[in-house]
Amino acid sequence: MLYFLDLLLLSLVVGLVGVASNPAPYFAALGLAVAAGVGCGALVGHGGSLVGLMLFLIYLGGMLVVFAYSAALAAEPFPETWGVGSVKAYVLMYLLGVGVAVWWFWGGYGDHWVVVDEFKEFFVVRGDVSGVSLMYSVGGGMLVVCAWVLLLCLFVVLELTRGLSRGALRAV
Amino acid sequence: MSPYVITILLSSLGLGTALTFMSSHWLLAWMGLEINTLAILPLMAQHHHPRAVEATTKYFLAQAAAAATILFASTINAWATGEWNIYCLTHPIATTLITMALALKVGLAPVHFWMPPVMQGLDLPTGLIMATWQKLAPFALIIQMAPTAHPQLLTTLGLLSVFIGGWGGLNQTQLRKILAYSSIAHLGWMIVIAQFKPQLTILTLVIYIIMTSATFLTFKLMTATKINTLAMSWSKAPIITTMAALTLLSLGGLPPLTGFMPKWLILQELATQGLPLTATIMALSALLSLYFYLRLWYAMTLTISPNTNNSLAPWRLQNTQNTTLLTIFMIATLLLLPLTPLAQALI
Numbered sequence: 001m002l003y004f005l006d007l008l009l010l011s012l013v014v015g016l017v018g019v020a021s022n023p024a025p026y027f028a029a030l031g032l033a034v035a036a037g038v039g040c041g042a043l044v045g046h047g048g049s050l051v052g053l054m055l056f057l058i059y060l061g062g063m064l065v066v067f068a069y070s071a072a073l074a075a076e077p078f079p080e081t082w083g084v085g086s087v088k089a090y091v092l093m094y095l096l097g098v099g100v101a102v103w104w105f106w107g108g109y110g111d112h113w114v115v116v117d118e119f120k121e122f123f124v125v126r127g128d129v130s131g132v133s134l135m136y137s138v139g140g141g142m143l144v145v146c147a148w149v150l151l152l153c154l155f156v157v158l159e160l161t162r163g164l165s166r167g168a169l170r171a172v
Numbered sequence: 001m002s003p004y005v006i007t008i009l010l011s012s013l014g015l016g017t018a019l020t021f022m023s024s025h026w027l028l029a030w031m032g033l034e035i036n037t038l039a040i041l042p043l044m045a046q047h048h049h050p051r052a053v054e055a056t057t058k059y060f061l062a063q064a065a066a067a068a069t070i071l072f073a074s075t076i077n078a079w080a081t082g083e084w085n086i087y088c089l090t091h092p093i094a095t096t097l098i099t100m101a102l103a104l105k106v107g108l109a110p111v112h113f114w115m116p117p118v119m120q121g122l123d124l125p126t127g128l129i130m131a132t133w134q135k136l137a138p139f140a141l142i143i144q145m146a147p148t149a150h151p152q153l154l155t156t157l158g159l160l161s162v163f164i165g166g167w168g169g170l171n172q173t174q175l176r177k178i179l180a181y182s183s184i185a186h187l188g189w190m191i192v193i194a195q196f197k198p199q200l201t202i203l204t205l206v207i208y209i210i211m212t213s214a215t216f217l218t219f220k221l222m223t224a225t226k227i228n229t230l231a232m233s234w235s236k237a238p239i240i241t242t243m244a245a246l247t248l249l250s251l252g253g254l255p256p257l258t259g260f261m262p263k264w265l266i267l268q269e270l271a272t273q274g275l276p277l278t279a280t281i282m283a284l285s286a287l288l289s290l291y292f293y294l295r296l297w298y299a300m301t302l303t304i305s306p307n308t309n310n311s312l313a314p315w316r317l318q319n320t321q322n323t324t325l326l327t328i329f330m331i332a333t334l335l336l337l338p339l340t341p342l343a344q345a346l347i
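Same order as they appear, the protein sequences are chains E and U. If you use the working numbering, the first sequence corresponds to residues 1 to 172, in order. If you use the working numbering, the second sequence corresponds to residues 1 to 347, in order.
Mixed in with the good hints there might be a few duds.
What the hints assert, rightly or not - Calculated from the model, a selection of chain U residues having no Cβ within reach of chain E, i.e. all distances over 12 Å:
#1 L97
#2 P117
#3 L136
#4 P147
#5 T241
#6 F260
#7 L287
#8 A332
To be verified - One-sided excerpt, in silico: chain U residues whose CB lies under 8 Å from chain E:
#9 V5
#10 I8
#11 S12
#12 M31
#13 E34
#14 I35
#15 L38
#16 A39
#17 L41
#18 P42
#19 A45
Said to hold, decoys possible - Taking CB as the label site, the calculated pair distances span:
#20 P110/U x M54/E: 32 to 40 Å
#21 A345/U x A20/E: 51 to 59 Å
#22 W103/E x N85/U: 33 to 41 Å
Hints listed in this document are in silico derivations from the structure and should not be mistaken for laboratory results. C-beta: ideal position from N, C-alpha, C; glycine also.
If we strip away everything but chain U, and leave its shape as in the complex, we get:
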């Protein structure tokens, strides 16, 4: 792709998210979401193979339907209440419609079906953008409208996402699909707390972005898209393989690692709000996700693939890929838990 075109597309990707962030008016927020969707399409289809084009088409259809629903619902709200402000979304039909449309946009559970195939059709850097940057703008809107949204709807979306994210990832051998389901499960945690303490949603989103970036960049370094390939990673980069195992446990939310922090705080907040049943169900569902992270971990580090390996020491060669970003994200993924008091003081 021409560098001029890619500059235009990437800056528009930033512009769309920034417009949605700064907007207090539903029309501008909708416009930002549309700019975001439009700008990522050529990036998704830049390797012109059928799977990428199919993924682009699916993504476009899902996002366009969601954006049209948002426009429709905000118009209904403006018609009924005369108010375009995002905080003033009070009409019940409009609120429910917009909740579902934003759920479709980020890929929450009953409307998540576009997400695993779309992720599977992309290369790893574009998948990284899809799992991180593309979630920011819809979440800015979700956080603003969560106080007026129907509480049971949000809880249902969250619980369904956590369970479907866990169950869906169980039977996969493709890493990008597993990461898509892991994304769905994490989104469930974010949405279930959005009505009680939106700051925790932001915290969970930030930490999820850090953890999933580390995972995507590791897989990119290994050029791994299947569990099979992952089993060979010990010969490519042994130390990163060891740390990647810990990254996966952090995604699963095990205590001495960063991924434990959002789960801990969310469970505490749910218990404080007098919702022990929801908290228990969420905690149990995390085991489902943990199972497939553990399977990746097992394939990566705990076992050696029983085939004849021609190249035992490619790790001796100089790696040409830039690992600065991976370093930052991976250290943050592994070691941020001691900063929990700081996070609690800020929120």
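Pulled out of the complex, with its shape left as it was, chain E reads as follows:
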């Protein structure tokens, strides 16, 4: 499990380097998808099973698909991959930076962010999952507010983009 977690974290860093090194948008979208996916895996490995699952479903399943789709719409005839000179320079620079950071901060790692023994009666149900019931009981009001924010978001997006002749993002 430890080696698997190391592999996930390594892939996370590689995925982030893939995004940050300015390749063509759809290669960057691939890097972002990799980083998001293995990031969710790393969260599960550190005790956040539910958060990992939710991020995987919502962030990766919903948002990133739309993002990758719109990035692909902005297709370039000669996309820059990670092998092209300028991008490769960035990749090497970031990897070097990661190496320096690892050398600097080595050790002092390995915390779980939910202490399982904290929830004695629920030792089967992880603390993370029992948090869901708390979210629906104690945090009910906050959930209502969150739902209202999402609805408001929908209204705002519709209002900003409605109408063929008066779309917000093109000059009329």
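Since the structure of chain E is already known, use the hints to place chain U on it.
Frame of chain E; chain U shown alone:
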């Protein structure tokens, strides 16, 4: 815009500010700020011309970055100290990050660059909302976190804002940009006193809102967005033009007018706290702002524009705009100074 949609947006604008006001938890405060930002966006872009859309985009990017920083910093604080309460913001990195993020949100000096172009892209009523209502929620948070914030950071933000607000407004001919810089300068006064006497921050904010509302509503009545147009205002409404000149002096902080009250009390408090240098610098910087208010004043009342005027007496015609709000704000802008003892008794 459909009245149903505008109802939803305006009530959400109120809801966001109210949530931030009542919240003691960083997550809810952040959510209120986000609701505020989201609800104003369609109002900003309601006239679909490129400048308005550009202003909306800039505003969205700046506010989203600030809100993300607030969320990040409050998470760091909760991680390090296990405390989500707004008063318990004790981790130094989190405190500094949130101070800078709130400074970006209201438009304080080193991170003020979004504000003049955004104001310039809006029409005057929306600009009024932007300069007044949108400042309330971030200031509720600033007042709560100011005791734990880094004192030198707050003073630096304040002094920089006052100076950049004064210098930036000097070379402008566009009224909305001038008002944006005037807003930056006033925010500097508010932030510099926030750590010593937060009640004075509230007082300054209230009086700034009154004064800037009077100015925005006057310009709306004149349909003026440039100094040139302002020079023609004597033929549209002579009495309001005269009073608007006094409003500008009140914004500049001259003694018999309301705008003098916050500056007076802030300078007194700074001197009492043993900071005469800061007080002197603040007082001197007010002259910079006063200069561009005086220029507006000059163009408005002291001179007559040397062009041939076709309509000398439009003031004889019945004005169709509602001036109730303007009346209230303008009287408050001009005549509130005698209430200073009351303000001092309350704070």
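These are the hints, each one checked on the structure:
Annotated as non-interface, L97/U keeps its C-beta farther than 12 Å from every C-beta of chain E; the closest such distance is 20 Å. Listed as a non-interface residue, P117/U keeps its Cβ farther than 12 Å from every Cβ of chain E; the least gap is roughly 17 Å. Distance to chain E confirms L136/U as a non-interface residue, since its nearest Cβ pair spans about 19 Å, more than 12 Å. The beta carbon of P147/U is kept farther than 12 Å from every beta carbon of chain E, the shortest such distance being approximately 27 Å.
The claim that T241/U lies off the interface holds: its Cβ sits roughly 35 Å from the closest Cβ of chain E, which is beyond the 12 Å cut-off. Every CB of chain E lies more than 12 Å from the CB of F260/U, the least distance being 41 Å, so the non-interface label holds. The Cβ of L287/U sits about 42 Å from the closest Cβ of chain E, beyond the 12 Å cut-off, so the non-interface label holds. A332/U, annotated as away from the interface, keeps every beta carbon of chain E farther than 12 Å; the closest lies near 33 Å.
Taken as an interface hint, V5/U checks out: its beta carbon lies about 6 Å from the nearest beta carbon of chain E, inside 8 Å. Of the supplied interface hints, the one on I8/U holds, with its beta-carbon coming within about 6 Å of a beta-carbon of chain E, less than 8 Å. The beta carbon of S12/U comes within 5 Å of a beta carbon in chain E, closer than 8 Å, and the hint placing it at the interface holds. For M31/U, the shortest C-beta to C-beta distance to chain E is roughly 6 Å, which falls under 8 Å, so the interface hint holds.
With its C-beta approaching chain E no nearer than about 7 Å, E34/U sits inside the 8 Å limit, and its interface hint holds. Hint on I35/U holds. Least Cβ distance to chain E is approximately 6 Å, under the 8 Å limit. Hint on L38/U holds. Least Cβ distance to chain E is approximately 5 Å, under the 8 Å limit. Contact between A39/U and chain E, as hinted, is supported at the beta carbon level, the nearest pair being about 6 Å apart and thus within 8 Å.
Interface restraint check: L41/U against chain E, minimum CB-CB distance 6 Å, threshold 8 Å, status holds. Here the hint on P42/U is kept, as its CB sits about 4 Å from the closest CB of chain E, short of 8 Å. With a least beta-carbon distance of about 5 Å to chain E, the hint placing A45/U at the interface is held under the 8 Å criterion. Evaluation of the 32 to 40 Å hint for P110/U and M54/E yields a pass: the beta carbon distance comes to about 37 Å.
A345/U and A20/E have their C-beta atoms about 57 Å apart, which keeps the hinted 51 to 59 Å range intact. Taking 33 to 41 Å as the suggested C-beta distance range, the pair W103/E and N85/U conforms, at roughly 37 Å.
Comparing the model with each numbered hint stated earlier shows that all of them hold.
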